[in-house]
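Enquirer: As a plain string of letters, each chain reads:
There are 2 protein chains.
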Amino acid sequence: MNRLFHVPLSPFCRKVRLSLAEKKIEVELVEEKYWERGKDFLLRNPAGKVPILKMDGKLLSESGPICEYIEERHPDPALLPSDPEGRYEVRRLVSWFDDKFHNEVTSNLLYERVNKKVMGAGYPESRNIKAGAKAIKFHLDYMGWLLEQRRWLAGNTMTLADFAAAAHLSSLDYISDVDWNRNENVREWYAKIKSRPAFRSILADQIPGFPQPPHYSDLDF
Amino acid sequence: MNRLFHVPLSPFCRKVRLSLAEKKIEVELVEEKYWERGKDFLLRNPAGKVPILKMDGKLLSESGPICEYIEERHPDPALLPSDPEGRYEVRRLVSWFDDKFHNEVTSNLLYERVNKKVMGAGYPESRNIKAGAKAIKFHLDYMGWLLEQRRWLAGNTMTLADFAAAAHLSSLDYISDVDWNRNENVREWYAKIKSRPAFRSILADQIPGFPQPPHYSDLDF
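From first to last, the protein sequence lines are chains A and B. No gaps in the numbering here: position 86 of the first sequence is 86 in UniProt numbering, and each next residue is one more. No gaps in the numbering here: position 154 of the second sequence is 154 in UniProt numbering, and each next residue is one more.
Mixed in with the good hints, there may be bad ones.
Identical copies carry no separate label here, and so any pair may be met within one copy or between two of them.
Below, simulated DSS-like cross-link-like pairs (lysine-lysine); rule was C-alpha separation at most 27 Å, straight line [what the hints assert, rightly or not]:
hint: 1; residue 1: K100; residue 2: K58
hint: 2; residue 1: K117; residue 2: K23
hint: 3; residue 1: K58; residue 2: K117
hint: 4; residue 1: K137; residue 2: K23
hint: 5; residue 1: K134; residue 2: K33
hint: 6; residue 1: K24; residue 2: K117
hint: 7; residue 1: K192; residue 2: K58
hint: 8; residue 1: K58; residue 2: K24
hint: 9; residue 1: K130; residue 2: K23
Derived by calculation from the structure, the hints in this document are not laboratory data.
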């Protein structure tokens with residue numbers, strides 16, 4: 001049985017969960033308190049991070065390489081186009097969300113409000129929350145601009161870029177940090193992706209100490 | 001003509017330069033002071049980072065996606081193996097160096113000593129230098145352990161993983177922050193990769209205010 005060691009609100013884990021679910025690859029989810037860095041865990045992954053996917057008898061780490069591996073081993077349905085230009089654009093946007101959006105938004109909002117509390121690492125810094133709340137506006141506008149020209153973020157088919165973006169936004173939506181009124185294109189895009197069967201497990205997540213807000217799993221938010 | 005907007009000591013730019021050179025793709029190098037964020041530059045790349053590669057009439061950003069694109073458009077000589085497991089291992093190590101090594105070592109040593117001065121952003125923090133100097137030992141040991149089992153970092157052929165690692169280490173070597181006596185396997189690996197024609201342009205780099213140390217371009221260091 002495939003097994004994913006994960007943390008429910010981690011956008012990197014969610015991206016892998018969405019890829020697996022879209023491809024109908026069954027996986028057992030195992031929550032991993034990676035910050036406690038148990039010896040077993042460090043044996044599974046010397047980098048000390050989640051996600052870790054146990055698949056094909058191997059332990060795989062790093063969400064980007066994991067998703068590329070899943071895509072190569074289970075190409076159907078495709079989450080990467082077949083032409084180099086299209087593949088580049090998907091990978092560029094995955095990097096955009098997992099690097100730039102992550103540093104400017106996810107770290108400042110989700111990690112301040114949730115991770116710090118869960119890990120017992122102190123109180124949120126209001127300076128960081130402010131920076132994150134400001135930065136997310138720019139990112140939602142950028143997404144809205146892309147979606148004016150395309151049905152999905154990287155082109156006219158749904159790809160890993162949409163899952164990377166939805167992974168970050170859904171985690172932030174759990175703590176009500178996304179203003180869905182800011183951009184109509186982004187709201188429509190999120191409604192489409194949220195209603196996919198692959199999204200169900202993510203909408204069912206419950207974090208102790210952080211009750212799920214009603215709009216989070218509502219398809220008509 | 002292809003054109004690469006870059007900064008000489010940026011490991012992300014160096015990884016792209018090495019890929020292009022290994023594949024004998026000619027490129028004009030244009031130094032880009034990205035921290036001054038000129039308007040032209042932000043039009044080229046809204047993410048505000050280097051490298052940016054002008055190729056096939058497009059402006060490409062994000063070093064990971066750029067290298068995958070180069071690989072798909074110019075597959076010969078291959079810098080990724082053909083099997084999914086081999087490709088995964090290369091990508092995992094590229095992520096290892098560009099994420100973990102970058103955060104723990106490159107940021108703490110190179111950015112403290114060089115980038116801060118060049119950008120006029122103050123003096124190096126000795127706490128960060130100390131942390132970087134400590135972390136690089138662990139990474140050199142990890143590389144040495146990999147190289148006990150393999151001829152190159154990700155397997156028995158040279159790949160993008162070697163270029164990612166060599167990009168970081170060569171930049172750190174420019175400021176004499178690599179102890180080549182720590183691990184014989186790592187020294188032999190670096191001597192091999194350093195002597196490739198693809199490395200020549202990198203060994204010729206000169207940074208104003210930071211004279212090149214004699215061992216840096218010496219193939220018998």
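Enquirer: Would you mind marking each hint as holding or not holding in the structure?
Expert: Evaluation of the provided hints:
1. For a Cα distance limit of 27 Å, the shortest separation of K100 from K58 across copies, 21 Å, qualifies, whereas the shortest one inside one copy, 30 Å, does not.
2. For the identical chains of this complex, K117 and K23 are neighbours neither inside a copy (34 Å) nor across copies (49 Å), given an alpha-carbon limit of 27 Å.
3. Within a single copy, K58 and K117 get their C-alpha atoms no closer than 33 Å, and across copies no closer than 44 Å, so neither meets the 27 Å cut-off.
4. Within a single copy, K137 and K23 get their C-alpha atoms no closer than 32 Å, and across copies no closer than 41 Å, so neither meets the 27 Å cut-off.
5. For the homomeric pair K134 and K33, the shortest alpha-carbon distance between copies (26 Å) is at most 27 Å, but the shortest distance inside one copy (30 Å) is not.
6. In the homo-oligomer, the alpha carbons of K24 and K117 never lie at most 27 Å apart, since the shortest distance is 34 Å inside one protomer and 51 Å across protomers.
7. Taking identical chains as interchangeable, the C-alpha atoms of K192 and K58 are never at most 27 Å apart, the minima being 34 Å within one chain and 30 Å between chains.
8. Proximity of K58 and K24 under a CA criterion of 27 Å is satisfied intra-copy only: 19 Å inside one chain copy versus 35 Å between copies.
9. For the identical chains of this complex, K130 and K23 are neighbours neither inside a copy (38 Å) nor across copies (46 Å), given an alpha-carbon limit of 27 Å.
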